[in-house]
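Peer 1: Chain by chain, the residues run as shown.
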Amino acid sequence: MATVENLPSAQTERPIGFGRLKRKEDARFIRGKGTYLDDIRLPGMVHGAMLRSPYAHARILSIDTSKALAHPNVAAVVTAKDLETLGLAWMPTISYDTQAVLAGDKVRFQGQEVAFVIATDEYSANDALQLIDVEYEPLPAIVNARKALDPDAPLIRDDKAGQRDNLASPTWEAGDQAATDRVFAEADTVVKRDIIYPRCHPAPLETCGMIADFNPETGQLDIYNGNQAPHAHRTVYAHVAGLAEHMIRIKCSDIGGGFGNKVPVYPGYVCAIAGSIVAGVPVKWVENRDENLISTGFARDYVMHSEMCAKNGKITGLRVDVIADHGAFDSTAQPTKFPAGFFHIVCGSYDLEASHVKVKAVYTNKAPGGVAYRCSFRITEAVYLVERMVDALALELKVDPIELRMRSFIAPEQFPYETTTGWTYDSGNYAETMRVAMDIAGYEDLRREQAEKRARGELMGIGVSFFTEGVGAGPRKHMDILGLAMNDGADLRVHPSGKAVVSISAQTQGQSHETTFAQIVAEELGIPPEDVEVRHGDTDRSPYGLGTYGSRSTPVSGAAVAVVSRKVRDKARLIAATMLETRPEDLAWEKGRWYVKGDLEKGAMIEEIAVRAYSGEPMPTGMEGGLDAQVIYDPPNLTYPYGAYIAVVDIDPDTGQVTVRRFIAVDDCGVRINPMVVDGQIHGGLAEGVGIALMEVLTFDEEGNCLNSSFLNYLIPTALECPDFELGETVTPCPHHPLGAKGVGESPNVGSPPAIVNAVIDALHQTHGVDHIDMPCTPARVWAAMQGRPEPPQ
Amino acid sequence: MHVSISVNGEQVSREIEPRQLLVHFIRETPDLTGTHWGCDTSNCGACVVQMDGQPVKSCTILAAMCEGHEIRTVESLEVDGQLDPIQMGFHEQHALQCGFCTPGMLMTARALLDENPNPTDLEIRTAISGGICRCTGYKNIVSAVRWAAEYEAAAKQEV
Ligand code: FES
Ligand code: FES
Numbered sequence: 001m002a003t004v005e006n007l008p009s010a011q012t013e014r015p016i017g018f019g020r021l022k023r024k025e026d027a028r029f030i031r032g033k034g035t036y037l038d039d040i041r042l043p044g045m046v047h048g049a050m051l052r053s054p055y056a057h058a059r060i061l062s063i064d065t066s067k068a069l070a071h072p073n074v075a076a077v078v079t080a081k082d083l084e085t086l087g088l089a090w091m092p093t094i095s096y097d098t099q100a101v102l103a104g105d106k107v108r109f110q111g112q113e114v115a116f117v118i119a120t121d122e123y124s125a126n127d128a129l130q131l132i133d134v135e136y137e138p139l140p141a142i143v144n145a146r147k148a149l150d151p152d153a154p155l156i157r158d159d160k161a162g163q164r165d166n167l168a169s170p171t172w173e174a175g176d177q178a179a180t181d182r183v184f185a186e187a188d189t190v191v192k193r194d195i196i197y198p199r200c201h202p203a204p205l206e207t208c209g210m211i212a213d214f215n216p217e218t219g220q221l222d223i224y225n226g227n228q229a230p231h232a233h234r235t236v237y238a239h240v241a242g243l244a245e246h247m248i249r250i251k252c253s254d255i256g257g258g259f260g261n262k263v264p265v266y267p268g269y270v271c272a273i274a275g276s277i278v279a280g281v282p283v284k285w286v287e288n289r290d291e292n293l294i295s296t297g298f299a300r301d302y303v304m305h306s307e308m309c310a311k312n313g314k315i316t317g318l319r320v321d322v323i324a325d326h327g328a329f330d331s332t333a334q335p336t337k338f339p340a341g342f343f344h345i346v347c348g349s350y351d352l353e354a355s356h357v358k359v360k361a362v363y364t365n366k367a368p369g370g371v372a373y374r375c376s377f378r379i380t381e382a383v384y385l386v387e388r389m390v391d392a393l394a395l396e397l398k399v400d401p402i403e404l405r406m407r408s409f410i411a412p413e414q415f416p417y418e419t420t421t422g423w424t425y426d427s428g429n430y431a432e433t434m435r436v437a438m439d440i441a442g443y444e445d446l447r448r449e450q451a452e453k454r455a456r457g458e459l460m461g462i463g464v465s466f467f468t469e470g471v472g473a474g475p476r477k478h479m480d481i482l483g484l485a486m487n488d489g490a491d492l493r494v495h496p497s498g499k500a501v502v503s504i505s506a507q508t509q510g511q512s513h514e515t516t517f518a519q520i521v522a523e524e525l526g527i528p529p530e531d532v533e534v535r536h537g538d539t540d541r542s543p544y545g546l547g548t549y550g551s552r553s554t555p556v557s558g559a560a561v562a563v564v565s566r567k568v569r570d571k572a573r574l575i576a577a578t579m580l581e582t583r584p585e586d587l588a589w590e591k592g593r594w595y596v597k598g599d600l601e602k603g604a605m606i607e608e609i610a611v612r613a614y615s616g617e618p619m620p621t622g623m624e625g626g627l628d629a630q631v632i633y634d635p636p637n638l639t640y641p642y643g644a645y646i647a648v649v650d651i652d653p654d655t656g657q658v659t660v661r662r663f664i665a666v667d668d669c670g671v672r673i674n675p676m677v678v679d680g681q682i683h684g685g686l687a688e689g690v691g692i693a694l695m696e697v698l699t700f701d702e703e704g705n706c707l708n709s710s711f712l713n714y715l716i717p718t719a720l721e722c723p724d725f726e727l728g729e730t731v732t733p734c735p736h737h738p739l740g741a742k743g744v745g746e747s748p749n750v751g752s753p754p755a756i757v758n759a760v761i762d763a764l765h766q767t768h769g770v771d772h773i774d775m776p777c778t779p780a781r782v783w784a785a786m787q788g789r790p791e792p793p794q
Numbered sequence: 795m796h797v798s799i800s801v802n803g804e805q806v807s808r809e810i811e812p813r814q815l816l817v818h819f820i821r822e823t824p825d826l827t828g829t830h831w832g833c834d835t836s837n838c839g840a841c842v843v844q845m846d847g848q849p850v851k852s853c854t855i856l857a858a859m860c861e862g863h864e865i866r867t868v869e870s871l872e873v874d875g876q877l878d879p880i881q882m883g884f885h886e887q888h889a890l891q892c893g894f895c896t897p898g899m900l901m902t903a904r905a906l907l908d909e910n911p912n913p914t915d916l917e918i919r920t921a922i923s924g925g926i927c928r929c930t931g932y933k934n935i936v937s938a939v940r941w942a943a944e945y946e947a948a949a950k951q952e953v
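From first to last, the protein sequence lines are chains Y and C. Just so you know, the first sequence maps onto residues 1 to 794 in my numbering. Just so you know, the second sequence maps onto residues 795 to 953 in my numbering.
No lab work stands behind these hints, which were simulated from the structure alone. Treat the hints with care, as some may be off.
[Claimed, not checked] Covered stretches of chain Y (chain C as the covering partner; in silico rule of three or more C-beta atoms under 8 Å from a C-beta of chain C):
(1) 24 to 30
(2) 216 to 229
(3) 282 to 291
[Unchecked claim] Computed beta-carbon distance windows for the label pairs:
(4) Y/L720 <-> C/G847: 18 to 28 Å
(5) Y/P216 <-> C/Q805: 53 to 63 Å
(6) Y/D771 <-> C/D846: 37 to 47 Å
(7) Y/R661 <-> C/G847: 28 to 38 Å
(8) C/S836 <-> Y/Y614: 50 to 60 Å
(9) C/E804 <-> Y/P72: 50 to 60 Å
(10) C/G847 <-> Y/A238: 44 to 54 Å
(11) C/H863 <-> Y/N713: 49 to 59 Å
(12) Y/L712 <-> C/Q805: 46 to 56 Å
[What the hints assert, rightly or not] From the derived model, a few chain C residues whose C-beta atoms are all more than 10 Å from chain Y:
(13) V797
(14) G803
(15) E804
(16) T854
(17) L856
(18) V868
(19) E872
(20) D874
(21) T920
(22) W941
(23) E944
(24) A947
Keep in mind that this is a model prediction, so the values were computed, not measured. Quick reminder that beta carbons are idealized off the backbone N, C-alpha and C, glycines included.
Generate the whole structure from the sequences, applying the supplied hints.
Peer 2: Encoded structure:
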């Protein structure tokens, strides 16, 4: 079924690796033969279920498990006391904080883990949860980040020595404050906005879960768990459980989506592992949807104040002051040295004179997290802010929002471009990409249509955003997570048959690695992609690396595969020289074959070289047999994909209902390995962006009850809310990536919400005087804005 | 209680708790884990199977209610090594990424085409709107259903 639209190379008739190759992984999924976590059943396996706190903040006075233990199908009930004896009551987070595995002293958010029941089956385990009596003394809760630092705010983290307030991390700054003050003093126009990026949730369709299988005889711990960074998880478990890493094996098999939600280690995992170690049988724990929404890694929750200024019609400066809501435990995901992730990319795609950014984080009685929901470490918040501010400035200056962007873009000749907050953008031609988007949209016609409709009392809006992302973390000199360099390994073996296996540390959750990584090997070595098996998702069978999030698969792992393929090709050249009795420098490469320069007939195909490498024939002097290589790739810089997005919305004047009628996305992600897969990634991210802009939000009442704990009220767009996305592309290769690729997975989620919100404001500004609205743009909120009383989400 | 349910043309008999959901009954049958579970509230459609040819959410039906009804799951689509055109369409049009929603989407789309061999894009979108796909943004699912409709129309012409 596999087909490649590209033409074969003339001499070797080998398919060119890159192109719209249909996916290898489809074969099992369309037959219902994927192996997701809950599909795995091990002999003797028992089932865990988690008791969770109904309160957002309360002291635990007592826990009585006796009735649950009396249930005939219950094997054990684990509480904080039991974990304390194992030294597992608290676990480290990825942000150097600690998180209670099971609450002992207090509960600090609604849904926090309190007790873990192990029973013969899922139904019994859930029944037994009702039989546990917990006595709570409720405490006042803080759910509003702005109030977390009030002097009378209840102290959430009284477990931490020396913690006197709810500050989760001290103020972190980037840019130059004095220079920014000067630029603002010289500016002729300044706009200010308070902008909230509300708390939302990645909500992959498959929830989180684990099977832990500890073998008491051998001391081996096998873990089945869909997570985005299996090697890093194994290192964490080795530390927490005090086991040697080689005694732990994590197998991911198929994962039903991740989007950042499957990056962290959750208390349920630790309980399953502890349960299996104590009971000596496999323990399965799979969370329900409400557990996924109320307790696992949320995203965003940034309260931002910003000012932007202009001089002579061009953007010159930006100030940002952020309060980040990290929930009850600080487990936000980002490289160690960047407590606000990559938020300081907030200077966007513009040639600013100065900027200054401040971020501080607070604890609240909400779930911990702060994972990137299809986003490279807070870039989504940054792009949303700057793109909203540019539109606010355009309103103030009374210029077209595209015109203001065009005047202020970094020019192509300025690359590599050093931003005012310290990033070095690799390459770009922003104005060109913006023009392509305008052409696809028919921008002038849209503006005319809008004017006509306005005259008839209809509400139509056109919104623009232009984003630059920094993805592919990252260079080891700048970035680590928990002390682990953010590098990725690749291991390539060409077998005597000429077929190959490439093992990678990236971890697919739907990104099509089995296809695209085979295409990279195919492109580099001329081995047909169907003959290249991509191995991943098993720590025993793949090299060390930090996994898949932050759009890092192609920039880091993809580069590793390209480099390892080239290493094999170099080795093949030396072997070919021996075979052809010539010097290596006299050989030239064409797809799949080394041949003698000037004598096209004389050459050796990669399969022939592979046969030789494993044969009894002599190898080049000093060279070991076999045709294989391995690398660990350390990226020299991030890659900087960008794009121009245009949204067209219609608003029902009677209900405030927003419909995204058209969405145009022109992405420049450098070289595209498989354009079909790239398009698919963009469609998916745009749908999530529509959701975030219009309906997805996690809200809480004053007592800290989560009001969006199911898909009945955490709304995810269906086929009816998503438009027929219109895509375009420009290609500006990344100068430092071996394939010129930049990564794309997150761009559409990053870029789309501001375009939609800008479109909503564009629809309502002239007629209703609306110059700001916070997400999600639900009918009720849009209606309120139309009546002149917009309300923030919290 | 004892139930005997026809799943993909075979009688599956088992002792169950009366409260057991059809989705769990199916998934506990060896080799039938293609029907997925994704929510607590009947919103995601990952569990869709066909009951007497109608798409139903198997998380919303008790197994005990299914005696005497024909249940079909994703595993029944391929017959004697021949993929159903809807499966081919999903592959051809890249209508799946993580694959978790795919069985439910396939069973929903198959039921649509059985009833309406030439649906409009809006009819397709409406038919699959009881399900969530977090990966594809639906565009390629719509194309895949179109592809299958056209494939089946062409195949009919040939005979
Ligand atoms: S499992 Fe979500 S609708 Fe059935
Ligand atoms: S393909 Fe992942 S949810 Fe649809």
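Peer 1: Each hint needs a verdict: does it hold in this structure or not?
Peer 2: Here's how the hints hold up against the structure:
1. Chain C is given as covering the stretch 24 to 30 of chain Y, and this holds because 6 residues of the stretch bring a CB closer than 8 Å to a CB of that chain, at least three being needed.
2. By the rule of at least three residues with a Cβ nearer than 8 Å to a Cβ of chain C, the coverage given for the stretch 216 to 229 of chain Y is violated, with 0 such residues.
3. Counting residues of the stretch 282 to 291 of chain Y whose beta-carbon sits less than 8 Å from any beta-carbon of chain C gives 3, enough to reach three: the coverage restraint holds.
4. At roughly 24 Å, the beta carbons of Y/L720 and C/G847 sit within the given window of 18 to 28 Å.
5. With their beta carbons about 41 Å apart, Y/P216 and C/Q805 fall outside the hinted range of 53 to 63 Å.
6. Between Y/D771 and C/D846, the C-beta spacing of about 56 Å breaks the proposed range 37 to 47 Å.
7. Between Y/R661 and C/G847 the C-beta distance comes to about 35 Å, which sits within the given range of 28 to 38 Å.
8. The given range of 50 to 60 Å is respected by C/S836 and Y/Y614, whose C-beta atoms sit roughly 57 Å from each other.
9. Taken as a hint, the range 50 to 60 Å is violated for the pair C/E804 and Y/P72, whose Cβ atoms sit roughly 33 Å apart.
10. Between C/G847 and Y/A238, the C-beta spacing of about 52 Å keeps the proposed range 44 to 54 Å intact.
11. In this structure the hint that C/H863 and Y/N713 lie 49 to 59 Å apart at CB is violated, the actual value being about 32 Å.
12. For Y/L712 and C/Q805, the hinted distance range of 46 to 56 Å is not satisfied, since their beta carbons lie about 36 Å from each other.
13. At the 10 Å boundary, the C-beta of C/V797 stays outside the reach of chain Y, the nearest C-beta of that chain being 16 Å off.
14. Non-interface status of C/G803 relative to chain Y is upheld: no Cβ of that chain comes within 10 Å, the nearest being about 16 Å off.
15. No Cβ of chain Y approaches the Cβ of C/E804 within 10 Å, the least distance being about 16 Å, so the stated non-interface status holds.
16. No Cβ of chain Y comes within 10 Å of the Cβ of C/T854; the nearest lies about 13 Å off, and the non-interface call holds.
17. For C/L856, the non-interface assignment is confirmed: its Cβ lies about 13 Å from the closest Cβ of chain Y, beyond the 10 Å cut-off.
18. Once the 10 Å rule is applied to beta carbons, C/V868 is inconsistent with being away from chain Y; the minimum gap is 4 Å.
19. With a cut of 10 Å on Cβ distances, C/E872 falls inside the contact zone with chain Y, its closest approach being about 6 Å.
20. The beta carbon of C/D874 sits about 13 Å from the closest Cβ of chain Y, which is more than 10 Å, so the claim that it is off the interface holds.
21. A beta-carbon of chain Y is positioned within 10 Å of the beta-carbon of C/T920; the least distance is around 7 Å.
22. Look at C/W941: its CB is around 12 Å from the nearest CB on chain Y, clear of 10 Å, so calling it non-interface holds up.
23. Against chain Y, the non-interface label of C/E944 holds: every CB pair exceeds 10 Å, the least being about 17 Å.
24. Remark: the non-interface label on C/A947 is consistent with the geometry, its nearest Cβ contact in chain Y lying 21 Å away (cut-off 10 Å).
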